[in-house]
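*Asks:* So you can see what is in the structure, the chains are spelled out below.
Number of protein chains: 2
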Amino acid sequence: MKNINNYLAKVLNVPLENVDRCSLHYDAKKIPKNQFLLQYGEVCRYIYFVEKGLLKMYSIDKNGKEHIIQFAPESWLISDRSSLYFNEKSIYYIETIEDSEVLLLHVDFISKLVEQFPNSLEKSDILVQKHIKSLQDRINSLLGETAEERYLKFIKRYPDLLLRVPQWMIASYLGITPESLSRVRKELARKNFVPDNK
Amino acid sequence: MKNINNYLAKVLNVPLENVDRCSLHYDAKKIPKNQFLLQYGEVCRYIYFVEKGLLKMYSIDKNGKEHIIQFAPESWLISDRSSLYFNEKSIYYIETIEDSEVLLLHVDFISKLVEQFPNSLEKSDILVQKHIKSLQDRINSLLGETAEERYLKFIKRYPDLLLRVPQWMIASYLGITPESLSRVRKELARKNFVPDNK
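So the protein lines, in turn, are chains S and L.
Residues in the first sequence are numbered consecutively from 4, following my numbering.
Residues in the second sequence are numbered consecutively from 4, following my numbering.
Be a bit skeptical, because a hint or two may be false.
Intra- or inter-copy, both count: the list cannot distinguish identical chains.
Listed below are the simulated EDC-like cross-link pairs for lysine to aspartate or glutamate, each with C-alpha atoms no more than 20 Å apart in a straight line [stated by the list, open to error]:
hint	residue 1	residue 2
1	136	64
2	136	45
3	36	54
4	133	77
5	55	23
6	65	140
7	115	128
8	68	140
9	13	69
10	115	125
11	126	111
12	36	101
13	13	54
Read the hints as simulated data drawn from the structure, not as lab findings.
Using the sequences plus the hints, can you model the full thing?
*Replies:* See the structure below:
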């Protein structure tokens with residue numbers, strides 16, 4: 004079963020026999036790795052659902068350094084919502100890290116869904132609250148957690164990414180230097196830590 | 004006019020002649036400074052609207068250090084939404100910094116409002132998107148901005164707070180040491196920077 008259909012049925016409460024009909028409201032696109040879906044200064048037009056592959060959203064500071072805000076592997080949504088909802092020029096980039104298959108959901112995708120399947124309203128509200136929760140957690144983590152605590156949280160959130168993304172990208176996401184990440188990994192290895200991938 | 008009535012009319016589109024009726028859906032409370040509205044391990048029951056005074060939400064790390072997630076002066080909302088919506092024990096504290104007058108909005112305050120005044124639906128959606136935007140900005144700022152850039156952003160967001168909160172709290176919010184903040188302030192003074200408080 005396609006990831007999007009599974010997502011619509013399980014996460015957004017769309018009746019299983021109707022999930023195929025939802026495909027009217029999005030376009031699918033195959034995008035090779037290292038291609039942009041959004042660049043600094045553009046207005047973000049879609050929420051992207053990752054059917055296959057891996058995307059990242061990041062900013063670039065004035066020294067040319069990349070800061071990763073979010074990774075999006077299979078079944079994740081990724082978008083610059085501030086640009087999408089307020090029609091503002093984005094300060095972020097969204098780029099494929101691997102060859103990907105991406106579904107382009109329009110800004111009114113959720114409201115169309117709710118119109119057709121009112122039961123999905125509550126679920127879509129929960130999605131937004133979960134998004135807020137995870138952003139709030141991330142701020143707290145950046146303010147107060149050690150590099151090791153952040154790394155362990157990263158592994159929990161993105162268990163499949165450890166082997167899929169280079170170390171420097173993980174360090175960028177964690178807001179630490181690659182050297183600090185390397186120290187954290189050595190320390191965890193010394194303590195015989197094994198990531199618990201479910 | 005009370006801050007809440009102004010907020011309901013201007014921000015949430017409630018017809019001016021009806022704003023007083025909304026007071027059925029909240030309770031008002033006077034709270035002296037340095038009192039808790041939420042403590043670690045409790046479930047957050049309300050969204051707090053600050054009618055008068057000043058609140059902060061923060062976490063305490065394992066070394067006993069306080070990390071400020073948000074300030075809430077007059078007409079701001081403050082709450083641990085993850086705890087409020089998912090009934091989870093909070094990892095945060097909400098505390099008054101000044102003697103305050105706070106309105107306790109129940110979790111269904113917005114939905115009751117929308118029921119009575121359907122025009123406020125769109126505005127309440129925008130509120131949520133704005134909240135997401137500001138959290139996303141904060142993450143980006145913590146990942147990639149210098150101490151000076153963060154401080155200038157703080158002044159813009161909270162123009163009235165510079166004289167109301169001690170320096171160490173501002174440093175905690177910015178995720179920098181009080182010594183770094185002191186350096187930033189000296190450097191700005193050297194450049195004859197004057198905060199533009201409108």
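*Asks:* Determine which of the earlier numbered hints do not hold for this structure and return their numbers in increasing order.
*Replies:* 9
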